[in-house]
Amino acid sequence: MHNFNSDHAITLFSDYGDVLQYTCVLYTVLILLGPRLMEGREAYELTSLIRAWNLLLAVFSIAGSVYCVTLLMYMSESRPFYDVVCRFDYSVLYDGAFSFWVFSFMVSKIPEMLDTVFLCLRKKPITFLHAYHHLTVAIFSWMGGRHLLPSGIWFATMNYVVHALMYSYYFLCSCGLKRAVAPFAPLITCLQIVQMMLGYAICLYTAYHKFASPYGCEMPASLIRMGLLMYGSYFFLFVGFFLTRYGKRKSLHTQRASVPTATAVHEKSA
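Going left to right, the sequence shown walks through residues 1 to 270 as the UniProt record's numbering numbers them.
None of these hints come from the bench; they were simulated from the model.
A hint or two may mislead.
Unchecked claim - Straight-line alpha carbon distances no greater than 20 Å define the calculated SDA-like cross-link-like pairs of lysine to any residue that follow: (1) 178 <-> 200; (2) 124 <-> 46; (3) 210 <-> 232; (4) 210 <-> 162; (5) 123 <-> 45; (6) 210 <-> 225; (7) 123 <-> 28; (8) 124 <-> 44; (9) 124 <-> 210; (10) 123 <-> 232; (11) 178 <-> 225.
As the list claims (entries may be wrong) - Have a look at the derived ranges for each label pair, beta carbon to beta carbon: (12) 36 <-> 96: 44 to 54 Å; (13) 123 <-> 233: 19 to 29 Å; (14) 201 <-> 69: 16 to 26 Å; (15) 201 <-> 175: 11 to 21 Å.
In this text, all values refer to a predicted model and were calculated from it rather than measured experimentally.
Think of the CB as a built atom: it goes at the ideal place given N, C-alpha and C, for glycine as much as any other residue.
Can you build the whole structure from these sequences, using the hints too?
Pasting the structure below:
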């Protein structure tokens, strides 16, 4: 980890872009045909597998959070915000453990698509927000891996923190603690909405310096545009989800029976 070489990571994203294309095509086929193939079949429980999967992602996200939050705090205290999001610091971000965790964040978006496979096998509905999020964040992360993104530390840190809480929540639900942790579900969704607002604000800030400010910004223009579109659309989709799921008062019976699953909030963060 501490000997991680960023050159290898950039080579992976640059030379194997076709891997992302094949993955996105297969994922789209899964979304369109998976539910049809499961018609007339018994749903798979997959309880132990999903419990292990949620625990794995929770531990992974917690570890990534520790490293990235530490780095982001150090950078925020030692330099202005502009330098953090618009100037790539090779001495801090290139190679080593922190680079490993940012790289891992980008790569993890492809195996995380297994969430959708589990939904399909369990015959759970695959929402537009769920599928749209998985596809777009994988594309954005893979494109970002080809470049040195100063603001990538912000995106990775926010994602790790939210996922650490979210997958821990899913793991506890899978362990039979649904009723105990259910009150935290709307709080996690609120945190996701805040994440989208911060992500959009960072993209807007970098856009100003890239296109209007004399200082410039080292973020690629294509990724700034995609980031604005992605985080902006996420914000409206998550707000819509929150209002639909938690905005109306439910009966006590509905509140007890309605426990968020990967179908709902899995509608995860970028």
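Now for the hints, and whether the structure bears them out:
With a C-alpha separation of about 32 Å, the suggested pair residue 178 and residue 200 falls outside the 20 Å cut-off, and the hint is violated. In summary, the hint linking residue 124 to residue 46 is supported, as the alpha carbons are separated by about 12 Å, within the 20 Å threshold. Simply put, residue 210 and residue 232 have alpha-carbon atoms about 19 Å apart, close enough for the 20 Å limit, and the pair holds. The hinted pair formed by residue 210 and residue 162 fails the criterion: a straight-line CA distance of about 28 Å is larger than 20 Å.
A threshold of 20 Å between alpha carbons decides the hint, and for residue 123 with residue 45 the separation of about 10 Å falls inside it, so the pair holds. For the proposed pair residue 210 and residue 225, the alpha carbon gap of about 11 Å is at most 20 Å, so the pair holds. A C-alpha spacing of about 17 Å is found between residue 123 and residue 28, which places the hinted pair at or below 20 Å, so the restraint holds. In summary, the hint linking residue 124 to residue 44 is supported, as the alpha carbons are separated by about 10 Å, within the 20 Å threshold.
About 43 Å separates the Cα atoms of residue 124 and residue 210, which puts this hinted pair outside 20 Å; it is violated. Note on residue 123 and residue 232: the hinted pairing is violated, with a Cα-Cα distance of about 30 Å set against a maximum of 20 Å. Using a Cα cut-off of 20 Å, the hinted pair residue 178 and residue 225 is violated, with the two alpha carbons roughly 39 Å apart. Restraint check, residue 36 to residue 96: a C-beta distance of roughly 47 Å satisfies the suggested window 44 to 54 Å.
For the pair residue 123 and residue 233, the beta carbons lie near 28 Å from each other, so the given range of 19 to 29 Å is met. Under the hint 16 to 26 Å, the C-beta atoms of residue 201 and residue 69, about 19 Å apart, fit the expected range. Between residue 201 and residue 175, the C-beta spacing of about 36 Å breaks the proposed range 11 to 21 Å.
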